[in-house]
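Taken in sequence, the protein lines are chains A and B.
According to full-length UniProt numbering, the first sequence is numbered sequentially starting from 1.
According to full-length UniProt numbering, the second sequence is numbered sequentially starting from 1.
Keep in mind the hints are simulated off the structure, nothing from the lab.
Don't be surprised by glycine CBs; every beta carbon is placed ideally from N, CA and C.
Treat the hints with care, since some could be wrong.
Claimed, not checked - Only some residues are given here: those of chain A computed to face chain B with a beta carbon under 8 Å: (1) Leu-132; (2) Arg-136; (3) Glu-141; (4) Asn-143; (5) Leu-149; (6) Leu-150; (7) Leu-156.
To be verified - In silico PhoX-like cross-links for lysine-lysine, where the CA-CA straight-line distance does not exceed 25 Å: (8) A:Lys-160 to B:Lys-57; (9) A:Lys-160 to B:Lys-47; (10) A:Lys-146 to B:Lys-49; (11) B:Lys-136 to A:Lys-144; (12) B:Lys-134 to A:Lys-144; (13) B:Lys-134 to B:Lys-57; (14) B:Lys-136 to B:Lys-173; (15) B:Lys-102 to B:Lys-57; (16) A:Lys-160 to B:Lys-102; (17) B:Lys-47 to A:Lys-146; (18) B:Lys-47 to A:Lys-144; (19) A:Lys-146 to B:Lys-57.
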Amino acid sequence: MEEPPLREEEEEEEEEGDEAGPEGALGKSPFQLTTEDVYDISYVMGRELMALGSDPRVTQLQFKIVRVLEMLETLVNEGNLTVEELRMERDNLRKEVEGLRTEGSAAGGQVNLGPDKMVVDLTDPNRPRFTLQELRDVLQERNKLKSQLLVVQEELQCYKSGLIPPREGPGGRREKDALVAKTSKTSSNKEEKTIIRKLFSFRSEKQM
Amino acid sequence: MAKKTYDLLFKLLLIGDSGVGKTCVLFRFSDDAFNTTFISTIGIDFKIKTVELQGKKIKLQIWDTAGQERFHTITTSYYRGAMGIMLVYDITNGKSFENISKWLRNIDEHANEDVERMLLGNKCDMDDKRVVPKGKGEQIAREHGIRFFETSAKANINIEKAFLTLAEDILRKTPVKEPNSENVDISSGGGVTGWKSKCC
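Working from the sequences, and respecting the hints, build out all of it.
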């Protein structure tokens, strides 16, 4: 005995959920129509057609109306399915984008620069800083200095071993630098010697 | 009074893949020493060693190049001045042997046409790790008409022999003339300037 009133209540609630009941479906935006709404519309129209009586023209019109309503049902059904599919796809893509974003920020903003590019960490004290040309220049200078050091070491060895008397050293070097001008060199050497002799003869005479 | 410390100056160059032992080969020859720690050569370096051949004092100026590709443009500019080039591979490293043709091509491209070449298969003391048979080294050397030695800088095998042989080969085609007293300028290769014979 208590069940029927309960059911009525449920139905009432459902109707409230549909906002305005069978009549309200006609006032809805076509983009919000559900198949339920189409059935409501069918119900309302069927009722009104029945009220028109059994005129054969009404019957003919009824067939057409039923057909149109079936078409509408298919379209609404199809449309809603498509909307649902697109909504799911959109949600999936959103999730994917979010994942890629967090992944990207986790990788330290790494950018794909292309095959021949490289990213330099400016905070790395060991980061590459000099060009090949600069390295080439430094190496050239190093090797030049190294060769000069070897020459000086060799010369020093000569002095140490007594092969070159200390005073004659610079003269010897000058002579060698200007081998072509050897004759003029020897003459100038003679000149030097005489000057030196002049300077030293006095002293040596004194010492003697 | 001015007497040169040498009669002739030969410029040699060591090339080959990184880590085959070019620096160690040179260090064994110049200082008769060996160091196990691997320090990659930066760009280019050189050592001097004077040897005596056929009564002549020959100063060998030996340029040691970095094998790493990133130094390639620097090292190739030193090929031009070289009279002899030693191409070194590692008998325990197949890749270094495969790259010989690449290094030979570099010589063709950058060195003098009459440069004396020599192939060295280094680390021959490590026979247990050998991947390049001696015959393969001999074969490729024969194909290119160059001398070949298997060497070990560590065990001091064939090092001096290789350098002296290369120097002899260069000496053989050096026209006999009075030792010139010109400055030996190697700046053309981007290297040392002002090499002078010293008096003593």
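Each hint tested on the structure:
{"no.": "1", "hint": "Leu-132", "result": "holds (6 Å)"}
{"no.": "2", "hint": "Arg-136", "result": "holds (5 Å)"}
{"no.": "3", "hint": "Glu-141", "result": "violated (10 Å)"}
{"no.": "4", "hint": "Asn-143", "result": "holds (5 Å)"}
{"no.": "5", "hint": "Leu-149", "result": "violated (11 Å)"}
{"no.": "6", "hint": "Leu-150", "result": "holds (6 Å)"}
{"no.": "7", "hint": "Leu-156", "result": "violated (10 Å)"}
{"no.": "8", "hint": "A:Lys-160 to B:Lys-57", "result": "holds (21 Å)"}
{"no.": "9", "hint": "A:Lys-160 to B:Lys-47", "result": "holds (23 Å)"}
{"no.": "10", "hint": "A:Lys-146 to B:Lys-49", "result": "holds (14 Å)"}
{"no.": "11", "hint": "B:Lys-136 to A:Lys-144", "result": "violated (40 Å)"}
{"no.": "12", "hint": "B:Lys-134 to A:Lys-144", "result": "violated (39 Å)"}
{"no.": "13", "hint": "B:Lys-134 to B:Lys-57", "result": "violated (33 Å)"}
{"no.": "14", "hint": "B:Lys-136 to B:Lys-173", "result": "violated (28 Å)"}
{"no.": "15", "hint": "B:Lys-102 to B:Lys-57", "result": "violated (34 Å)"}
{"no.": "16", "hint": "A:Lys-160 to B:Lys-102", "result": "violated (48 Å)"}
{"no.": "17", "hint": "B:Lys-47 to A:Lys-146", "result": "holds (9 Å)"}
{"no.": "18", "hint": "B:Lys-47 to A:Lys-144", "result": "holds (12 Å)"}
{"no.": "19", "hint": "A:Lys-146 to B:Lys-57", "result": "holds (21 Å)"}
Hint compliance for this structure: hints 3, 5, 7, 11, 12, 13, 14, 15, 16 are broken, all remaining hints hold.
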